[in-house]
Amino acid sequence: MKTMIALRKFVTLALVVGCGSTFTACSLNRQAKKEEAAPLKPEAGMTFNERYPAYDYAAAPSPAQVQSANDTGLNGVPAYQPRFQGETFQAPTNTATAPQYSQPAGAIQRTSAEMPIQGQPVSAQVPVRPVSYAFPRGQVMPPCGPGCSHPSSICHHGSTAGSCQACQAAGIPYQAGPCWPEDEYLYDGGDRLVRTEIDGEFGVHGLDIEDTVGHYDTLEGQRIVTPSNRVCVYAPRFAAVRKVTGLNQEILGTQISGLDANLQLNNQQHNGTPAGVVQPLALRGQIGGKMANALTEDLPGVQIQNGVRLAQFVEEFKAYENLSIIRYGVFDQGEKARLASSLLNAVTWTQNQQVQVTVEGRKASEVASGKTPQEFVWSELAGEPRLRVVKLADKGAAEPGDIVEFTLRFDNVGTQVMGNVTLLDNLTPRLEYVEGSAQCDLEATFLTQPNEAGSQLLRWEITNPLEAGQGGIIRFQCRVR
Amino acid sequence: MKRETLPSLWLLTVILVLVASNMAKAQSGSVPLYTERLMPGAIGQMQLMKGRGIPGHIQPVKLIPPAGTKIAPVIEGSFADDLPSPQTFGCVIGAVYRFRLSEIPLHPGAELFPTVEVIDRTYPPAGMELQFPIPIQITQDELQYALEGKFVTRVIYLENPRTAVPNTYEPSFQPWFEVEAGQDPVVTADLLGRPVAILRLGSRRPTQEDMPGEFTYQSPPIQLFGNPPPAPANGVEVPMEQPVPATAVPMQAQRPMMPPYGVPPQMAPPYQGAPQQPWYPSQR
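Note that the protein sequences, when read in sequence, are chains A and B. Going letter by letter, the first sequence gives residues 1 to 481 in the numbering used here. Going letter by letter, the second sequence gives residues 1001 to 1284 in the numbering used here.
The set of hints was computed from the structure by calculation and includes no laboratory data. Owing to the predicted nature of the structure, the values given are computational and were not obtained by experimental measurement. For glycine and all other residues, C-beta sits at the position ideal for the given N, C-alpha and C. Misleading hints may appear alongside valid ones.
To be verified - Part of the chain B face toward chain A, derived, beta carbon under 8 Å:
{"#": "1", "residue": "1132"}
{"#": "2", "residue": "1154"}
{"#": "3", "residue": "1178"}
{"#": "4", "residue": "1206"}
{"#": "5", "residue": "1217"}
Construct the complete structure from the given sequences, taking the supplied hints into account.
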């Protein structure tokens, strides 16, 4: 009876624990569903008016006028530029980017740190020599396919030789030097850690500290993020950790002062001076114990009979080992198929050990929303836009209190107009934006917002769409903390 | 009724014991290698053994006591002449340097003998090594503590710029944190950044019983750089190559260069073919 009561108690407790966890999971699940149903909102303070480019249907090229894309093997899908170009990419020369934009006519005071744009060779308009480093000698890479026709593009060979898989804008003209170690430099620019994404409501996700990105909308509705290069300023800041400890010297001093040495001297006066010294007699001899002079060891050897034999090795090879490479070490071409099947067996045997996905004790299942797109409208537009963001700093080293001026140069190096061009700069905590120092040669809206590192997030929204070949300059100052 | 609640109490007890054992297991303490208990010079020697290219490197260190204090370095076993503060010295990493501070403000006749141990180096751009030394500030209250017989340890570390305190300080002020008794300043500095130097300031004085070279730590080699002028406000242009027409310079070349390893800043030109100049390359 007692055991029955105890069992009943245990079952009750298990039921209570199980129900509690189930209720918690249910409420969490409900909460998650509620969050899923609610529309995504941009981050706090990041609400911006959505400005899609006014698409003029009358002026839009008719489908007949659009250059029909050659069959690139991708079923007519144009090869878009990947969103993130790795930092290791370098243009072969700097002369590939031609300054196609109109120069701002003296509106902004130029500093010595800006790129010598006037000094660029004019010969950049010459079509770029095909890059053939990845091809065998004598063969030249075929020219770029559709969508890559602008002069400042070079080809990157893909996995299939002979066809242009992807094109990239000819590069970041200025790459920051090897700023190492990182704790002595202030960085700004690039897209560190999490890749920055802009959602449909202009919410910014993944913009880390020090990041500088620009994003824009294409006529096809894409929203593309382009990181800038990184600049670094040598500005180490030192701090200290202090510890003040009291030594025991004071305690020792009080002990010494507490001793009265005169008493000891008085005591010594009572002792008479020694009249003589009795010298102990030296030993005449030493009687030592008799040492053992011989040691006879007569241990009989214990006979050990090691009767353990080696385990017998089966001389015959097993069925799956009956291969030339196993038996003789000679590889036979005819055994390839059997070797492959053995490998396949190994794969098959390990099939049941693959990772099983379980979420809270239940099997994971796909959740599909009820909404499915009913219609796809596909239209191709000639060319593609491509943003290039270049960042510069006016000095390479600064001390705390100095003012560093940054320059952002953004250009549409593509062949299509881009809209909603926005540039974001998330400043590192050691940089403090100087109020009123931001300037832009294009019409833009400038916003600042404190970021989580104690500095500021700068944001420029370019009002008008950027035509192909057009660009602008942004300049702002920061004080080194 | 009490008998029925007994199994539940047993179950609760078992769960509590399991939780407590789990928490005890989670307290796995890490033992730091560098602590303040190491004798002066031990951390620097271990840094040298790491093989990071710092043996032989002369690291500029700027001693900044209160204004008016005189600094005397040890040169070949004896204290040299008093120098006005601040002073920049070139120190070898891993050695311990003894200094003498005299003419301390508000304490006439008092002398202090701090030690400085450089345990890591910095990597400033070429030609700007003296403009970015390791600043070791000794405040007036620290001198007061030391004169009262206390022992001041100051671990200077390089802040991580990504996790730095976003405060604006005066250029002459060095932020510092105080640790209590029982906490280790070296470990704390290692958590906050990269420790580069250790200042020990206490009541140690030279005595007659000192072995030769014991008080001065065998007087390691030191370079006297004086008090270099501050960097110009508009920055310093570091030339990269021999002068060539500006139009022919590719932009990739306009990057700062790394200083060569193991070469003192004034002993050799920072790059191949650079002329010897006093302070700034832009003043040529």
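Requested in this report: Just pull the numbers of the violated hints for me, sorted ascending.
Outcome: 4 and 5
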